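Got chain S; can you put chain U on it based on the hints?
Protein chains: 2
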Amino acid sequence: MLLLQLQEIPAAAPSKRVLDQVRIIATLCARTKLARQHFPPCAIQSAPSCRPPRLLVSPVSTSTTLYASSSTAAPSTSTATTVPARLKVRDILINGDDSLIGQRVTVKGWTRTIRSQKTFSFIEINDGSSLGGLQVVADAEKVCDYEAVLSKIHTGAALGVVGVIKASPGKGQKYEVAAESVEVVGGCDPEAYPLQKKRHTLEFLRGIAHLRPRTNTLAAVARVRSALAFATHKFFQEQGFYYLQSPIITASDCEGAGEMFRVTTLPGKVSELPRVEGEEDRIDYSQDFFGAPAYLTVSGQLSGEAYACAMGDVYTFGPTFRAENSQTTRHLAEFNMIEPEMAFADLQDNMRNAEAYVKAIVRHVLKECEEDLAFFEKFYDKTLMARLKTLVSESFARVEYTEAVRLLQEEIAKDRGAWQFPDVDFGTDLQTEHERWLCEKKFQRATFVYNYPREIKAFYMRDNEDGKTVAAMDLLVPGVGELIGGSQREERLGRLEAKLEEFGLDKEDYWWYLDLRRFGSVPHSGYGLGFERLVCYVTGVENIREAIAFPRTPGSATF
Amino acid sequence: MLLLQLQEIPAAAPSKRVLDQVRIIATLCARTKLARQHFPPCAIQSAPSCRPPRLLVSPVSTSTTLYASSSTAAPSTSTATTVPARLKVRDILINGDDSLIGQRVTVKGWTRTIRSQKTFSFIEINDGSSLGGLQVVADAEKVCDYEAVLSKIHTGAALGVVGVIKASPGKGQKYEVAAESVEVVGGCDPEAYPLQKKRHTLEFLRGIAHLRPRTNTLAAVARVRSALAFATHKFFQEQGFYYLQSPIITASDCEGAGEMFRVTTLPGKVSELPRVEGEEDRIDYSQDFFGAPAYLTVSGQLSGEAYACAMGDVYTFGPTFRAENSQTTRHLAEFNMIEPEMAFADLQDNMRNAEAYVKAIVRHVLKECEEDLAFFEKFYDKTLMARLKTLVSESFARVEYTEAVRLLQEEIAKDRGAWQFPDVDFGTDLQTEHERWLCEKKFQRATFVYNYPREIKAFYMRDNEDGKTVAAMDLLVPGVGELIGGSQREERLGRLEAKLEEFGLDKEDYWWYLDLRRFGSVPHSGYGLGFERLVCYVTGVENIREAIAFPRTPGSATF
Numbered sequence: 044m045l046l047l048q049l050q051e052i053p054a055a056a057p058s059k060r061v062l063d064q065v066r067i068i069a070t071l072c073a074r075t076k077l078a079r080q081h082f083p084p085c086a087i088q089s090a091p092s093c094r095p096p097r098l099l100v101s102p103v104s105t106s107t108t109l110y111a112s113s114s115t116a117a118p119s120t121s122t123a124t125t126v127p128a129r130l131k132v133r134d135i136l137i138n139g140d141d142s143l144i145g146q147r148v149t150v151k152g153w154t155r156t157i158r159s160q161k162t163f164s165f166i167e168i169n170d171g172s173s174l175g176g177l178q179v180v181a182d183a184e185k186v187c188d189y190e191a192v193l194s195k196i197h198t199g200a201a202l203g204v205v206g207v208i209k210a211s212p213g214k215g216q217k218y219e220v221a222a223e224s225v226e227v228v229g230g231c232d233p234e235a236y237p238l239q240k241k242r243h244t245l246e247f248l249r250g251i252a253h254l255r256p257r258t259n260t261l262a263a264v265a266r267v268r269s270a271l272a273f274a275t276h277k278f279f280q281e282q283g284f285y286y287l288q289s290p291i292i293t294a295s296d297c298e299g300a301g302e303m304f305r306v307t308t309l310p311g312k313v314s315e316l317p318r319v320e321g322e323e324d325r326i327d328y329s330q331d332f333f334g335a336p337a338y339l340t341v342s343g344q345l346s347g348e349a350y351a352c353a354m355g356d357v358y359t360f361g362p363t364f365r366a367e368n369s370q371t372t373r374h375l376a377e378f379n380m381i382e383p384e385m386a387f388a389d390l391q392d393n394m395r396n397a398e399a400y401v402k403a404i405v406r407h408v409l410k411e412c413e414e415d416l417a418f419f420e421k422f423y424d425k426t427l428m429a430r431l432k433t434l435v436s437e438s439f440a441r442v443e444y445t446e447a448v449r450l451l452q453e454e455i456a457k458d459r460g461a462w463q464f465p466d467v468d469f470g471t472d473l474q475t476e477h478e479r480w481l482c483e484k485k486f487q488r489a490t491f492v493y494n495y496p497r498e499i500k501a502f503y504m505r506d507n508e509d510g511k512t513v514a515a516m517d518l519l520v521p522g523v524g525e526l527i528g529g530s531q532r533e534e535r536l537g538r539l540e541a542k543l544e545e546f547g548l549d550k551e552d553y554w555w556y557l558d559l560r561r562f563g564s565v566p567h568s569g570y571g572l573g574f575e576r577l578v579c580y581v582t583g584v585e586n587i588r589e590a591i592a593f594p595r596t597p598g599s600a601t602f
Numbered sequence: 044m045l046l047l048q049l050q051e052i053p054a055a056a057p058s059k060r061v062l063d064q065v066r067i068i069a070t071l072c073a074r075t076k077l078a079r080q081h082f083p084p085c086a087i088q089s090a091p092s093c094r095p096p097r098l099l100v101s102p103v104s105t106s107t108t109l110y111a112s113s114s115t116a117a118p119s120t121s122t123a124t125t126v127p128a129r130l131k132v133r134d135i136l137i138n139g140d141d142s143l144i145g146q147r148v149t150v151k152g153w154t155r156t157i158r159s160q161k162t163f164s165f166i167e168i169n170d171g172s173s174l175g176g177l178q179v180v181a182d183a184e185k186v187c188d189y190e191a192v193l194s195k196i197h198t199g200a201a202l203g204v205v206g207v208i209k210a211s212p213g214k215g216q217k218y219e220v221a222a223e224s225v226e227v228v229g230g231c232d233p234e235a236y237p238l239q240k241k242r243h244t245l246e247f248l249r250g251i252a253h254l255r256p257r258t259n260t261l262a263a264v265a266r267v268r269s270a271l272a273f274a275t276h277k278f279f280q281e282q283g284f285y286y287l288q289s290p291i292i293t294a295s296d297c298e299g300a301g302e303m304f305r306v307t308t309l310p311g312k313v314s315e316l317p318r319v320e321g322e323e324d325r326i327d328y329s330q331d332f333f334g335a336p337a338y339l340t341v342s343g344q345l346s347g348e349a350y351a352c353a354m355g356d357v358y359t360f361g362p363t364f365r366a367e368n369s370q371t372t373r374h375l376a377e378f379n380m381i382e383p384e385m386a387f388a389d390l391q392d393n394m395r396n397a398e399a400y401v402k403a404i405v406r407h408v409l410k411e412c413e414e415d416l417a418f419f420e421k422f423y424d425k426t427l428m429a430r431l432k433t434l435v436s437e438s439f440a441r442v443e444y445t446e447a448v449r450l451l452q453e454e455i456a457k458d459r460g461a462w463q464f465p466d467v468d469f470g471t472d473l474q475t476e477h478e479r480w481l482c483e484k485k486f487q488r489a490t491f492v493y494n495y496p497r498e499i500k501a502f503y504m505r506d507n508e509d510g511k512t513v514a515a516m517d518l519l520v521p522g523v524g525e526l527i528g529g530s531q532r533e534e535r536l537g538r539l540e541a542k543l544e545e546f547g548l549d550k551e552d553y554w555w556y557l558d559l560r561r562f563g564s565v566p567h568s569g570y571g572l573g574f575e576r577l578v579c580y581v582t583g584v585e586n587i588r589e590a591i592a593f594p595r596t597p598g599s600a601t602f
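Listed in order, the protein sequences are those of chains S and U.
Residue 60 in the working numbering sits at position 17 of the first sequence, and the numbers go up by one each step.
Residue 495 in the working numbering sits at position 452 of the second sequence, and the numbers go up by one each step.
By construction, these hints were calculated from the structure, which means they are not laboratory data.
All figures in this text were calculated on a predicted structure; none of them were measured in a lab.
This list has only true hints and no planted wrong ones.
Intra- or inter-copy, both count: the list cannot distinguish identical chains.
Computed cross-link-like contacts, DSSO-like style, restricted to lysine-lysine with a CA-CA straight-line distance of at most 30 Å:
id	residue 1	residue 2
1	K312	K550
2	K195	K550
3	K511	K457
4	K511	K500
5	K277	K432
In isolation and in its complexed conformation, chain S is listed as follows (with noise of 0.2 Å):
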């Protein structure tokens, strides 16, 4: 715990070291708001104009105290000139500039690599802020109980370093660290550990999900990740939308359709449970938690509905669940969907507010992730950085159904042989290898495929004039294939009421949805997106298990 009080500096003559602690927090504070709250105008101005390190100190309203980041125990004024201010990895190597060289840091970090010599070596430390690690260099002769120290470091052990910034001789690092004093916070037995320097296979890593974030590929993910998610946010509350939280337990089926998981606090003891009267094989849900059949939902669609109708514009963002007994790379039984819904919005708005977005995430984390985004296309992909600068740079194909439908038909025609599925028509559900050809050699970018038959979509779509079609909406990019599922909804009670005994659904189960459309109904679009399924478009990461934290398929819930 470093305690610095600003109106304790004499405004004579500070030291050096007291001059460095200055310069280091105005430094971490210059051009941001913080800056005028808490320090003198003097030490803004002085403070180098660098791009600013991102922020460890909190912001304290009332007084101009600031304090870093240390494990060290309780305030204490004799130590706020001895423990410099914590820098993460982040901000030397990538905020950092050369106004940097030559102060006093602490720095604290896993070990990633260490070369260990008699008089000095070099320590690879990364504290998850960003891809390369920081090196370390420690001296024999400066580093306080050398060799016993030394001897404690080994790959994953904690440490706390204080040092000065220098520039790097070594090729592949800006700027090392001379350490002063190194200490091992957390050891970590080289034979016990599962994590050893050697590249290990992702699935292997899955067996290990709570290590994993301390690889490269799965704390790059994760930056990648949380930054598409702040992103995405950022994009819809500055175009005015709400964020909306849908339940996550329901008693509605959105689809109509998909395996649910079901939500029960009944026993586990057969004995136990209540059974419907007279019917004494069927357990009776009206005497469950929620005095009814409940579920995991599928989709906040429907609750997005509602309040679109209501505050204009919402998104969710959040869980949803299927319980799909298939095992493949693409689906998970939990996943994260953006669901933005939009009144007063036709299938154009829609499909314009979906090519927005989806570039505006992508610009962010072009600019964000730079690192990440490199190592991806490094050992993931190598067509990553155009495949993403083409999203951003060029605008999405549009291309109705029945047009792509001519267009496959016109290509299967030239070579049948070639297709696993040559029977397309209108009407037939388009596979992976027909909307992969459409978005990756027809139109070469990311396309929209737009007014689908009306048979093969979902009963809430809004018809089309034509009788056959619905106005329902897929964007299909290269790579991934159907990235974003859409449409606009149908508003007409009337419509709507035929559509669900059409579908064989009960109208009285949709009470509250058709309210939407007797009372003040009206033009509504939206859409949803596989969260994961982006994550592994934008990291070019194959399998969606290594694109959440702590993946659930059938059979694991592991972790």
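Just chain U, lined up with the frame of chain S:
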């Protein structure tokens, strides 16, 4: 649909109508990055410099084509000059200024009230973007089919209005729209619509949760809630935290207590349930979907710790569940939690982060939701603004549990009869009356109580050196009581193992949690904040069922 090709505007003498279009859209874009991408500099420079209203047009990066949202079918150049761009009510009443006066706009929304007369009518329309509605003045001589149209407008009807913005002579609003045309997009039968102009009880509204966001209170809650959610992401992302979506379905029970919901795909027919071999009365969950008993999570903390011990600082924000059969105004079966977890952080760091976080998000809503907060102060809590302003301006009090007990004993001794629970001693779990006295009477501001007796806190909290207390903290706030609970986590493997045994928990169940202490263990801390309780605190709404869109409580999972 309005399609406006800026290139097509004749440079020499554009008509006034076209100039109006350009001005509106340029105003919309002014001071945003979009402006630079999409507009010729002259258009931007000549745009009136007002606070930019929210942007309804989608960024289209490859051309200068701009679209304004509207429900009319296909783009056509002929309509380009007749249907002006849509503005939301917020863009006029809250973000707008006098430069909007005289501009033709489209406004869409739902009728709140209508005062109809033979020669003119006043219609208040609301589109969810603000609390206040926009007054539309319809003049019988100007609006086509005046009588026929007006006869169809009742509370709740959806309208599309084209008109000119004027300064309003009436009191209560600064601007109004003089209608050129009024279209009834969706009617609303006044006999059947449950939401009439009169005030409804919150309890009544819970029964129509799909319509209640159309009321002032619930729409204001939804807006404030959305702002709080965004401010949460913004705060943590700016502080260098990564967003972690912790799993919803889980096999572990973090708190080692608490009623949990079971997740299953086993059939509802008793005869079809798989049984444990040799124990015919026990259901065999090894044959269930996940191959093991699975539950809905009660906390993301354990996953948070795994990620913090790799990535440094992370936060979760998502649904959590408690199958408690309690019908109170403070409990939900499904609610949302924010759970930050920080590596290399002790309890002091934890309190500082919690204080900075709570202040940042309240500051955000004070700025962004002024109108809604004024509404809540007027109708729900007269002390609201004072309470919130104190929160952001005063530093939080900090008191050790032992000292809090001493203060309480001292106070209780003065008049034991005034207390429902007058027996307070070291080891007492503080009651709400104690907590409220501490923060409301004694310290009169948000108060951290910390270092609690180890017996009354969870197994994972770090033992203090006194042998009696753990490094736990609760944040108490006036009016609500406990808002945050957190702790430094026990990072010492031996101590944690002993603690598990002491609490009667099975080490095997926590193998991966213990691994975090085996390999590069670090001091780390975190806390949890119940999001719905925060919404109650910030809005002054008392019942937690109003703080969430679709509340789930015992006996109720409809909608």
